[in-house]
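Here the structure of chain V is known, so what remains is to put chain F in place on it, guided by the hints.
As given, the protein sequences belong to chains V and F, one line each in that order. The numbering of the first sequence is my numbering, which starts it at 1 and goes up by one. The numbering of the second sequence is my numbering, which starts it at 1001 and goes up by one.
Rather than coming from a laboratory, the hints here were simulated on the basis of the structure. Please note: incorrect hints may appear among the correct ones.
[Claimed, not checked] Using 25 Å as the maximum straight-line C-alpha spacing, the simulated DMTMM-like pairs for lysine to aspartate or glutamate come out as follows:
hint: 1; chain 1: V; residue 1: Lys-218; chain 2: V; residue 2: Asp-202
hint: 2; chain 1: F; residue 1: Lys-1095; chain 2: F; residue 2: Glu-1152
hint: 3; chain 1: V; residue 1: Lys-176; chain 2: V; residue 2: Asp-216
hint: 4; chain 1: F; residue 1: Lys-1030; chain 2: V; residue 2: Glu-107
hint: 5; chain 1: F; residue 1: Lys-1032; chain 2: V; residue 2: Asp-216
hint: 6; chain 1: F; residue 1: Lys-1030; chain 2: V; residue 2: Glu-172
hint: 7; chain 1: F; residue 1: Lys-1121; chain 2: V; residue 2: Glu-107
Given next are the chains, with one letter for each unit.
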Amino acid sequence: MLGGFIILFVPKNVTNKFQFAFSRTFGWPLGIGRSITLAADMQSSADVVSRREYNQLQNHLANIIEQRNRTQKEVEKLSALRVNPAWERMKFVLANVITDSEGPQNELIINRGAEDGIANNQFVLGDNSIIGTISGVSANRAKVKLFTDPTSKIPVKIEQSDVMRIMQGTGENSAKIQLLQINQKVQKGNIVLADKQPGFLDIPMIIGKVAECKRDDKAPSLWDITVEPVCDVQKLDYVAVIVMNL
Amino acid sequence: MSWFRFAVLIIVATILQTSLIDIFAVTTAKVKPDLLLVLLVFFAVNFTNTEAVITSFTIGFAADIISPTMGPQIISFGLFGTLLADFHGIIDTRKWPYQLLAIFAVGFLTAALAYFLVFLKAEPMPLNAYTKLFWTPLYSAIIGPFLFLPVELWMRTQRRRTRRF
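One chain only, chain V, in its complex shape (with noise of 0.2 Å):
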């Protein structure tokens, strides 16, 4: 019992170690697992692979509208400095998912680490868009924090506008963003991109879209908006981490 208190108490990234040598050493038959129930949940629904193809094909074309306007603004500023595309600045770490853990907070574990070049608060990939950063790193595992878990905040801003506010993950599969004035033009469907964050991410990229719309009950002079991934994380086998060639 002592020793349970021990390790509630303890530090997670030393409670984190636990967990990454149980995948590290049965990570061949977890992986093994994974598939099977992958290919078990592609077989019972019929129109899962097209509909993932779709949602893969559609956040590439937002990302590469993003990229294609941040390049006219660039292009229209006529800057004597000669900027490298984006694209090239980042490296992606592609990456085996092992596990999912479920409950409150929402993360993966990866077979990639620090000695891929893997460090904390990467931003991470899945299906061409943004689904979380990496919170927990060992040698040559790390923990994926999903953007949907309650503890993550990211800068955000909905297409079409470039007012940056912070989203936060609620726990169930979507997230919030908060303090957005009502005057901002918000509808459902909108695409959420995740924001420039210098050493991470160089270019707005897509994080989700707008589930629900609606004024803010506490607040009226506030937008209450929940977004919602555009991937399924739940069937992710691999993802990429963008590494930033600084």
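Below, chain F alone, put in the same frame as chain V:
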């Protein structure tokens, strides 16, 4: 009791719980049975008190390994596994309705205590607590008695329950 067989069983159950058990998820809330909970009850009612205490804490540790927060399960599984081992002589756990009830009750209590401990640690609390508090124990209770048979065969336990009263 063969501790080697116990260790293999727990490792296999832990791996299944993190991967293949998703196949059996039901409803939109993705309710899944908790294999470790079923094993906790099995070992608490089929073995001596000392063995039950050791197995309860070990299964709790395994449950913690696959949980986002480490610590709550080892305490809650250890505590309620030990209590069940103390009390199981009072009720006849050979009958499946009692087994079902025991799994549901222990599942509810361990989940409730685990949530309280997560709250103490100031970790984020789930909004869909009903799933873990009611539906997961209920699902586990329904399939639990059916899992007891293969586990008994693996552990070579032929109903050697002893009444203490």
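Okay, the hints, checked on the actual structure:
| no. | hint | in the structure |
| --- | --- | --- |
| 1 | V:Lys-218 / V:Asp-202 | violated, 35 Å |
| 2 | F:Lys-1095 / F:Glu-1152 | holds, 15 Å |
| 3 | V:Lys-176 / V:Asp-216 | holds, 11 Å |
| 4 | F:Lys-1030 / V:Glu-107 | holds, 16 Å |
| 5 | F:Lys-1032 / V:Asp-216 | violated, 35 Å |
| 6 | F:Lys-1030 / V:Glu-172 | holds, 12 Å |
| 7 | F:Lys-1121 / V:Glu-107 | holds, 18 Å |
Violated hints, in rising order: 1 and 5; the structure is consistent with all others.
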